[in-house]
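Undergrad: Listed below are the residues making up each chain.
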Amino acid sequence: MLESLFGSKNRERVLIFLYCRREGYAREIARFYKTDLDPVQKQLSRLEYGGVIASRKAGRTILYQLNPRYVFSAELTALLKRSLEFLDKPERDILSPVRTRPRRKGKPL
Amino acid sequence: MKQISRMTMGELGAYVSSHLAKRGIKVVLSGGACVSIYSTNLYRSDDLDFIESGSSARKQLKQALEEIGFKENHRYFQHPETRLFLEFPPGPLAVGREPVKEVVQKRYSTGILRLISPTDCVKDRLAAYFHWRDLQSLEQALLVCSRNQVDLREVRHWAKSEGMADEYAKIVRRFQLLQGRPVKPGK
Chain A
114 MLESLFGSKN RERVLIFLYC RREGYAREIA RFYKTDLDPV QKQLSRLEYG GVIASRKAGR
174 TILYQLNPRY VFSAELTALL KRSLEFLDKP ERDILSPVRT RPRRKGKPL
Chain B
1043 MKQISRMTMG ELGAYVSSHL AKRGIKVVLS GGACVSIYST NLYRSDDLDF IESGSSARKQ
1103 LKQALEEIGF KENHRYFQHP ETRLFLEFPP GPLAVGREPV KEVVQKRYST GILRLISPTD
1163 CVKDRLAAYF HWRDLQSLEQ ALLVCSRNQV DLREVRHWAK SEGMADEYAK IVRRFQLLQG
1223 RPVKPGK
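Residue numbers (my numbering), protein chains in the order written: chain A, 114 to 222; chain B, 1043 to 1229.
Honestly, I wouldn't trust all of these hints.
Claimed, not checked - Using C-beta positions, here's what the derived DEER-type ranges look like:
id : chain 1 : residue 1 : chain 2 : residue 2 : range
1  : B       : 1097      : A       : 202       : 39 to 47 Å
2  : A       : 135       : B       : 1211      : 25 to 33 Å
3  : A       : 162       : B       : 1218      : 47 to 55 Å
In case anyone wonders, no lab produced these hints; they're calculated from the structure.
Predicted model only: the values in this text are computed from it and were never measured.
Backbone N, C-alpha and C define an ideal beta-carbon position, used for all residues, glycine too.
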């Protein structure tokens, strides 16, 4: 959908994933789209270098998110939000945020 | 010419900046290096983030830097005589979502350095504090404010345009005290 604008299908996927899920790591994004890890990592690296996304470490995992300090952050977010309107409902649903609030260890759920 | 190994951050920045200008590449220093310069090294940074005003090819930049002994290593440029390294993040030159309006020039024996103003440097650090809750960035902003003239009215306008007026209101008193401004009771 935004591939021609972003120049790469994987770059579009990464941005849409991070917009919907708030944050994510390379393997998680690659698994979600059933694609290879390497091109996803490449796009994450390029976007981070450009300041579009930012990363932080959580243990041994590098978590990425859209960079709120990116100069075109508001415009990019608006574009990604608009693009979601064109996704099929099932795809939009599976992209909806996953649980991030704490869950007590050992809880039978 | 002073040896690169003996240059301070400001001197090295001026040397690189002037050399690049001779090759038609105009750059402005931003980021932690400006905190270092404005705090007279009370805050130490090892990297110089230059933002290019134009859009020259990476190859042209690399060639110009090689002339003064800098070699590209991944996305950084290093010199064998100094621990300080250079980075050229893609622009535009901005603080938060706002373009930088004023560029300051500082003259050193090694050349002329173009860098963001103390006011923009404070905004830049505050952007990191507001968005990442990074207390180190707040301390750096205070450090710059304690040693330079900072336009706090301008900072307040900027914070408002970033949607951070309430956050700024919580810390403004600390900045006002550093600038020797009268603090209104209850504010």
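Undergrad: If you check each hint against the structure, which ones fail?
TA: Hint 3 contradicted; others consistent.
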